[in-house]
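Take the sequences, apply the hints, and build the full model.
Residue numbers (our numbering), protein chains in the order written: chain P, 8 to 120; chain C, 19 to 127.
Hints listed in this document are in silico derivations from the structure and should not be mistaken for laboratory results. Be careful, since some hints might not be right.
What the hints assert, rightly or not - Simulated pairs of lysine to any residue, SDA-like, Cα-Cα distance not exceeding 20 Å:
{"id": "1", "chain 1": "P", "residue 1": "K51", "chain 2": "C", "residue 2": "E63"}
{"id": "2", "chain 1": "C", "residue 1": "K88", "chain 2": "C", "residue 2": "N73"}
{"id": "3", "chain 1": "P", "residue 1": "K51", "chain 2": "C", "residue 2": "K20"}
{"id": "4", "chain 1": "P", "residue 1": "K51", "chain 2": "P", "residue 2": "A89"}
{"id": "5", "chain 1": "P", "residue 1": "K51", "chain 2": "C", "residue 2": "Y50"}
{"id": "6", "chain 1": "P", "residue 1": "K64", "chain 2": "C", "residue 2": "E21"}
{"id": "7", "chain 1": "P", "residue 1": "K64", "chain 2": "P", "residue 2": "Y38"}
{"id": "8", "chain 1": "C", "residue 1": "K20", "chain 2": "P", "residue 2": "G65"}
{"id": "9", "chain 1": "C", "residue 1": "K20", "chain 2": "C", "residue 2": "G111"}
{"id": "10", "chain 1": "P", "residue 1": "K108", "chain 2": "C", "residue 2": "L65"}
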Amino acid sequence: NAGVTQTPKFHILKIGQSMTLQCTQDMNHNYMYWYRQDPGMGLKLIYYSVGAGITDKGEVPNGYNVSRSTTEDFPLRLELAAPSQTSVYFCASSYSTAAEKLFFGSGTQLSVL
Amino acid sequence: QKEVEQDPGPLSVPEGAIVSLNCTYSNSAFQYFMWYRQYSRKGPELLMYTYSSGNKEDGRFTAQVDKSSKYISLFIRDSQPSDSATYLCASQGAQKLVFGQGTRLTINP
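See the structure below:
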């Protein structure tokens with residue numbers, strides 16, 4: 008099993024551009040999450056999904072959108088990128104509630120210049 | 019007030035030392051407590067998982083939760099250079115984990 012796969016690993020975006028960070032998992036997990044990690048700030052939840060067709064906002068959703076059309080995929084869309092969105096983005100999944108172990112992808116390092 | 023607070027360090031200790039990493043949390047409804055380890059340029063991986071109060075031991079690692087004081091600890095015995103990483107504590111909120119800031123730990127040979 009590949010686990011949680013994120014693409015791309017690195018990307019540089021210009022201010023005002025849009026892009027989609029891809030995330031897919033092959034563990035048949037119901038729950039999927041997007042986090043961002045800034046230096047010394049831990050992980051902040053952007054959006055999460057409890058199953059296909061269901062998404063909900065996390066702690067820092069502004070400037071982002073998500074969709075969950077299949078169990079496997081949970082893309083994160085950045086609209087009108089801003090320098091404040093420069094961060095490392097992690098996708099994660101778990102079988103059921105957050106009390107279950109989270110499996111993380113290897114991250115996408117995004118710079119907005 | 020952040021729901022989970024953790025001293026970001028950095029913390030540097032010699033090989034073989036006992037390491038103590040600590041967090042506090044504010045929500046008394048939290049029942050599940052975890053420690054994730056994150057190596058440089060990698061995603062976090064679950065290291066320890068504890069339900070409610072008490073201790074849990076796994077090899078050189080011991081996780082401790084004191085719900086009366088809302089205190090979470092991770093102890094590493096006989097620390098090794100391979101233990102050098104960022105350690106994140108986490109507690110369960112409503113359907114999602116809340117993470118601390120992470121402590122960067124370096125074990126010096």
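Checked hints:
1. K51(P) with E63(C): holds, 16 Å
2. K88(C) with N73(C): Given pair K88(C), N73(C) holds - Cα atoms ~14 Å apart, limit 20 Å.
3. K51(P) with K20(C): Holds, at roughly 11 Å.
4. K51(P) with A89(P): holds, 17 Å
5. K51(P) with Y50(C): Holds. K51(P) to Y50(C) sits at ~18 Å (cutoff 20 Å).
6. K64(P) with E21(C): With a Cα-Cα distance of about 17 Å, the restraint between K64(P) and E21(C) holds, given a limit of 20 Å.
7. K64(P) with Y38(P): holds, 13 Å
8. K20(C) with G65(P): Answer holds: K20(C) to G65(P) is near 15 Å, not above 20 Å.
9. K20(C) with G111(C): With a Cα-Cα distance of about 12 Å, the restraint between K20(C) and G111(C) holds, given a limit of 20 Å.
10. K108(P) with L65(C): Answer holds: K108(P) to L65(C) is near 10 Å, not above 20 Å.
Against the hints set out earlier in the document, no violation occurs for any number.
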